[in-house]
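All chains should be built: construct the whole structure from the sequences, respecting the hints.
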Amino acid sequence: MGKPCYFALFDLQPSFELDRDQLATKYRELARETHPDRFAAESDQRQREAVERSADLNEAYQTLRNPTSRARYLLSLDGTELPLEATVQDTEFLFQQLQWREELEALQDGADMDGIASFKARLTQAQNELHDAFSSAWADTTRRPDTERLVRRMQFLDKLAAQVRQLEERLDD
Amino acid sequence: MALLQIAEPGQSPKPHQRRLAVGIDLGTTNSLVAAVRSGVAEALADDSGAVILPSVVRYLAERTEVGASAKDAASADPFNTMTSVKRLMGRGMGDITRMAGQLPYRFSAGDSGMPFIETAQGPKSPVEVSADILRTLRERAEATLGGELVGAVITVPAYFDDAQRQATKDAAQIAGLNVLRLLNEPTAAAVAYGLDRGAEGIVAIYDLGGGTFDISILRLSKGVFEVLATGGDTALGGDDFDHAVAGWIAAQAGLGEQLDAGQWRTLMQQACAAKERLSRDAEVVIRFGDWQGCLTRQVLNELIGPFVARSLKACRRAMRDAEVDAQEISAVVMVGGSTRVPHVREQVASLFGREPLTDIDPDKVVAIGAAIQAETLAGNNRDGEELLLLDVIPLSLGLETMGGLMEKVIPRNTTIPVARAQEFTTYKDGQTAIMIHVLQGERELVADCRSLARFELRGIPPMVAGAAKVRVTFQVDADGLLQVSAREVASGVQASVQVKPSYGLSDAEIARMLEDSFRSADVDKSARALREQQVDARRLIEAVESALAADGDRLLDQEEREAIEDQLDRLRGLLDSSDAIAIEQQAKTVTQITDAFAARRMNATVSAALSGRRVNDIED
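Order-wise, the sequence lines are chains A and B.
Residue 165 in the working numbering is what sits at position 165 of the first sequence, and the numbering runs on without skipping anything.
Residue 1322 in the working numbering is what sits at position 322 of the second sequence, and the numbering runs on without skipping anything.
Read the hints as simulated data drawn from the structure, not as lab findings.
Mixed in with the good hints there might be a few duds.
Said to hold, decoys possible - Derived contacts from chain A toward chain B, CB cut-off under 7 Å, selection only:
#1 32
#2 35
#3 51
#4 54
#5 55
Said to hold, decoys possible - Subject to a maximum C-alpha distance of 35 Å in a straight line, what follows is the list of computed DSBU-like cross-link-like pairs (lysine-lysine):
#6 120(A) - 1469(B)
#7 1408(B) - 1469(B)
#8 1408(B) - 120(A)
#9 26(A) - 120(A)
#10 1588(B) - 159(A)
#11 120(A) - 1222(B)
#12 159(A) - 26(A)
#13 1408(B) - 1169(B)
#14 1313(B) - 1428(B)
#15 1469(B) - 1313(B)
#16 1222(B) - 1313(B)
#17 159(A) - 120(A)
#18 159(A) - 1408(B)
#19 1222(B) - 1169(B)
#20 1222(B) - 1428(B)
#21 1428(B) - 26(A)
#22 159(A) - 1469(B)
#23 1313(B) - 120(A)
#24 26(A) - 1169(B)
#25 1428(B) - 1469(B)
#26 1408(B) - 1428(B)
#27 1313(B) - 26(A)
#28 26(A) - 1588(B)
From the three backbone atoms N, C-alpha and C, an ideal C-beta is built for every residue, glycine too.
As structure tokens, then:
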């Protein structure tokens, strides 16, 4: 790719665990140096470069800030590019997925706001548990296949969370 | 003769030569211009001391009026007087037809499907009307600051889409303004508020203006203003309150569809005045024609309730997007004239669980924030500790895919600048071209999103279906404007567009408007020259007349007097002509022929003074 490692850009070691506040502080510091506003009085060439560097920085920050994209990025550094869509052969998780989906449909039909709130809380908890699981699997190089499976699970829960948000929006109408 | 300035080599003669830059709030109802002077950002006033310029333009056959005088004529001359034109910026004929009924204009379609309004000066696009407002502000700023501007930061509603932003930029170009940056209005307000109060933490800016509504949630941290999420509605504002009140009056008074455009404008002005009164009083008596009635604050609240509710819904969505709870927000700042309405304040307070801040001038705060940013972009703050604004795109950007679906490439609330690529492939064997349809919006179906541009990537070498790899790159700059390029990876075939929304102005239309504005600038200039000559000539005639009346008999012989009166008559005859040069020439002749007379009067005055008599005595 020719682009610097996102972790190195933020003075970090490649790792799933990171301090989000520290990342945000470093991001603001770097944004100050690269933002096109700083080059407003300079040549078009310099300004274009600033736009590109800023866009790269924003991309790096977004990737590291979100746990799922951070996990995917770690895998890609390791040589595993996960396709976004893939058939999942994770029967244990498939059952759980079905359960989540059915529950969400029932909440939608009942327009149950309290139910949605508690569903969201459980979803967040499940996401946190997945993050912990990924973190320990990542630390153990013999468990690479596990990490891929966990990232797919994280992606599924992200999608579910997006559906919950859409549902909330629809019910807000 | 001026002395030459000599500077040391490598040192500029004026070490702090400032580049003049302004911030402009181009509002639906009112517009302002502000600048940083001696370190303080302030709104600039016109000759009469007024800071606010009503965003109203009247097109008469001979001239164009902008501001208060145009506003006063809105009811008398509804078809030639443009109000709230910001609501039409970047809109196509389709949108206008939907808004019809609210708009008293006669529309026609331009070459590119953009609506034009028929006026006494011919068809005018909303962009040209905005350009006339911007030009007035530019001239005010140049007169006040005493020089040409290097550029301006112009504010736009955060929720403006690409077309509306592009239309604003086009208007600035026609007005002869260099746009340093299009800045989101709530972000500008946050800058003014944040710097003024030294605020840190998460703040919400609730900006309800005449025609647009924005909500932005920002994190303020050591001079960095990071927008976390923004939301809003570009067709929601105080105008809607006025319409609701006007509709209520019309219904109460039993007036149906028979109101003409002028009466409707009068009714709207009454409705607006009643709404404003109800911000102070519990009820107000309204008279319209033979009808008289009482509007209470409670009825007003019911009328405007649905609009306020829509704004609150956008607030909740922005909080979800920003992933913050109401409790985490440390301040809610109210911006825009419509936040003076008590019902709005109450509802916002109850949503956020805290009293909103209303002590900052809601009319000026946006222009002031823009002026501060303009100062930075003009390069006048070089101390390093300058502010930094990290803004977002308000609406998702994407492409049309199979089945008329919109695939998002950059989701809403992504920090700008941003560049993102997506790969597509051919779906037929031997396919050599691919159509790229750029969209903006949140809905799944293409038909529900705004179409920004269509272009074709041609010359792809024939391959089996699915073998070609077309990489489409979206790049959004710091103004929030999009550029799209496409490239077939194997062959390197490339195509790119600067997205010019399909229903925006064509380049030919912009070129024509630019020409018109130069021509009208010439006309304006010669019209001003003529008026100045006429004023000077009238002054001269009066002066000579009174001198003749006072001393003509005493100091002039018959022949001299006749010669003067003869030339004076000629000047009088020229006063109503439109020939500035002839007036100037004749005025000179009058001055020359009265020279001797003036000298004698001066001598008489002096000798009278020397002999102890007062001038008044002589003149008697």
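Hint check results:
no., hint, verdict
1, 32, "holds, 5 Å"
2, 35, "holds, 6 Å"
3, 51, "holds, 5 Å"
4, 54, "holds, 5 Å"
5, 55, "holds, 4 Å"
6, 120(A) - 1469(B), "violated, 39 Å"
7, 1408(B) - 1469(B), "holds, 18 Å"
8, 1408(B) - 120(A), "holds, 25 Å"
9, 26(A) - 120(A), "holds, 30 Å"
10, 1588(B) - 159(A), "violated, 84 Å"
11, 120(A) - 1222(B), "holds, 34 Å"
12, 159(A) - 26(A), "holds, 29 Å"
13, 1408(B) - 1169(B), "holds, 25 Å"
14, 1313(B) - 1428(B), "violated, 45 Å"
15, 1469(B) - 1313(B), "violated, 41 Å"
16, 1222(B) - 1313(B), "holds, 31 Å"
17, 159(A) - 120(A), "holds, 13 Å"
18, 159(A) - 1408(B), "holds, 14 Å"
19, 1222(B) - 1169(B), "holds, 31 Å"
20, 1222(B) - 1428(B), "violated, 55 Å"
21, 1428(B) - 26(A), "violated, 48 Å"
22, 159(A) - 1469(B), "holds, 27 Å"
23, 1313(B) - 120(A), "holds, 20 Å"
24, 26(A) - 1169(B), "holds, 34 Å"
25, 1428(B) - 1469(B), "holds, 13 Å"
26, 1408(B) - 1428(B), "holds, 23 Å"
27, 1313(B) - 26(A), "holds, 34 Å"
28, 26(A) - 1588(B), "violated, 73 Å"
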